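Residue-level listing of the chains:
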Amino acid sequence: MLRPRLIPCLLIHNGGLVKTVNFTNPKYLGDPINALRIFNEKEVDELIVLDIDATIKGAEPDYQLISHLASECRMPLCYGGGIKTVEQIDKIISLGVEKVAVSSAAIDNTTIISDAASRVGSQSVVVVIDVKKTGLLRRQEVVSHNASRRTGLNPATFARQMELLGAGEILINSVDRDGVMNGYDMDLIEQVRQSINLPLTVLGGAGSLNDIKELIRCYGIIGAGAGSIFVFKGKYRAVLINYPNRLEKEDLILT
Amino acid sequence: MIALVDFGLGNIQAFANIYRYLGIEAAPARTADDLRAASRIILPGVGAFDCAMTRLQESGLRDALDEEVLGTKKPVLGICVGMQMMAHASEEGKIPGLGWINAMVEKFDTSLLESKTYLPHMGWNDANPLRTDTLFSGLDNPRYYFLHSYFMRAEREEDVLATSNYGETFTSAVRFGNVYGTQFHPEKSHQWGVQLLKNFAKLT
Numbered sequence: 336m337l338r339p340r341l342i343p344c345l346l347i348h349n350g351g352l353v354k355t356v357n358f359t360n361p362k363y364l365g366d367p368i369n370a371l372r373i374f375n376e377k378e379v380d381e382l383i384v385l386d387i388d389a390t391i392k393g394a395e396p397d398y399q400l401i402s403h404l405a406s407e408c409r410m411p412l413c414y415g416g417g418i419k420t421v422e423q424i425d426k427i428i429s430l431g432v433e434k435v436a437v438s439s440a441a442i443d444n445t446t447i448i449s450d451a452a453s454r455v456g457s458q459s460v461v462v463v464i465d466v467k468k469t470g471l472l473r474r475q476e477v478v479s480h481n482a483s484r485r486t487g488l489n490p491a492t493f494a495r496q497m498e499l500l501g502a503g504e505i506l507i508n509s510v511d512r513d514g515v516m517n518g519y520d521m522d523l524i525e526q527v528r529q530s531i532n533l534p535l536t537v538l539g540g541a542g543s544l545n546d547i548k549e550l551i552r553c554y555g556i557i558g559a560g561a562g563s564i565f566v567f568k569g570k571y572r573a574v575l576i577n578y579p580n581r582l583e584k585e586d587l588i589l590t
Numbered sequence: 008m009i010a011l012v013d014f015g016l017g018n019i020q021a022f023a024n025i026y027r028y029l030g031i032e033a034a035p036a037r038t039a040d041d042l043r044a045a046s047r048i049i050l051p052g053v054g055a056f057d058c059a060m061t062r063l064q065e066s067g068l069r070d071a072l073d074e075e076v077l078g079t080k081k082p083v084l085g086i087c088v089g090m091q092m093m094a095h096a097s098e099e100g101k102i103p104g105l106g107w108i109n110a111m112v113e114k115f116d117t118s119l120l121e122s123k124t125y126l127p128h129m130g131w132n133d134a135n136p137l138r139t140d141t142l143f144s145g146l147d148n149p150r151y152y153f154l155h156s157y158f159m160r161a162e163r164e165e166d167v168l169a170t171s172n173y174g175e176t177f178t179s180a181v182r183f184g185n186v187y188g189t190q191f192h193p194e195k196s197h198q199w200g201v202q203l204l205k206n207f208a209k210l211t
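Protein chains in written order, with this note's numbering: chain A, 336 to 590; chain B, 8 to 211.
Excised from the complex, chain A in its bound form (with noise of 0.2 Å):
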C-alpha cells in the first residue's frame, strides 16, 4: 500500500536553520546538518530543504551545503532555492539530491520545467507554488521572492499549466498560514488537486498531528508538509525536533 507521506519542511537562512512565519521573522532554530540528522534518527518519510536568501539574492545555490546535506540525508531530499537554470538542476541531482524544488524560475521562464523533465526526468522536478490572498477580494494568487512580488495567476491554472510541462509533484505553499499553526487552507488544496493528477505537497497552516490526520482524511494519498509542528513544542514554541513514531504515523494514516 502506498503511504501519504509527512514531510518536515527546513528553511535556510544565513546558513542557519530558520522558521518563519507569514514568511517573515526568521526564527533561529539551529544548525541545519544537526536537524537532519536528528530526523535520520526519527526516520523521517522524506524532508524539503528550501534556502529562503538565495532568490532574493540572485545567489548561486549552495552546492558545498547541499552536497553535505544529501550525503546525510538517510531518506528521500528534495532541496529548493535560487534555482534558474536547467545546469543547476543537473548538478543539484548528480550531488546526490532526489527532487530539485522550482519556484520563481517557473513563474519567469515556464520552459525550464520541460527541459528539466527531459534532462532528469519528471520524478525529480517539484515546482513548489506560493499562494498568498490578494486584493481586496482576497483571491489566491501566486506570489514569488519570499512573497514580495505578485504574478497575477491563479495557483490552481498555474498548477496545471506545471503539469503539463512535465512537473512530476507539486508543493503549494500558503504564504497566510505559514508558522500560524492554525490548520492547512483546505480551499487552496481542494482547488490545486481537483486541477491536477500529480503527487501534490501542501505546506503551510498545519498546528497539530490532527491537522495532518484530517488533511489525510480528506486526500488519502498526500504529501503533508510542516515547518512548526516538527521543530517547536508547547505553546512557547520552544525549538524541540520532533516527528511521530511508527505507531503514531499509523494512526495517523489507517483513519
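Here are some chain B residues pointing at chain A (derived, C-beta under 7 Å):
id, residue
1, 54
2, 129
3, 195
4, 197
Hints are computed from structural coordinates only; laboratory data are not their basis.
Small disclaimer: the values here were computed from a predicted structure and weren't measured.
From the three backbone atoms N, C-alpha and C, an ideal C-beta is built for every residue, glycine too.
Please build the complex by placing chain B on the supplied structure of chain A, with the hints as guidance.
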C-alpha cells in the same frame, strides 16, 4: 570492496555513508580497474532512461561492467533507473538497455489507479518478497521509498524477487543469477534499506 559505479547519476555518497556506518568497504568506481578490483558492484541511477544510458556509455565503464557482470559474474545491484537499465529496452527511451535481464521497462497504466494521484509512483510502499533470498533476509514486511513512473516487466516469472502494488502488481526487486535490481531506493529507506544493503554485501 563494493564498487559504487560513478557515472554522474545517483546518490553514490548515500551508499558510501551507509556502508561506512556498517563497517563495510565501499568506494566510488570511476575506472575499469576500480570495477575489476571490487567483489560486488552497485549501479545507481536516477532520471530519464536515455540520459542514464548515455552517461554510462560516456563514462567509459560500459565494457568493463559487462565483463565483470557477465564474465566474472560478480554480484551486481541496480537501483531504480539502474535496475531499469539492466533490461533490454524502456518505453521511456530509444537507446537499448544493458540487456542483463530478460525484461522490458513499461510505463504504469494510470487507468488502473483509483486515487487522484497518478504518476510518478512516489512515496513509501511495501515490497513483498516472493521467495527466500539473502537479499531480503531478516526483513519482515519491509517498506521502501519509490520514485518512478516506469517499472520492469520480467519475461521469466522466476526472475521476480519481490513485487509491490500500484494499481497493478509490479516487479519491485529482480534477480537473475548474480544480477539483482530494486526499483525502490534502499539508500533512502531507513533501516529496511540498510538491512538490504548489508545483505547484498554478504552475497557470494
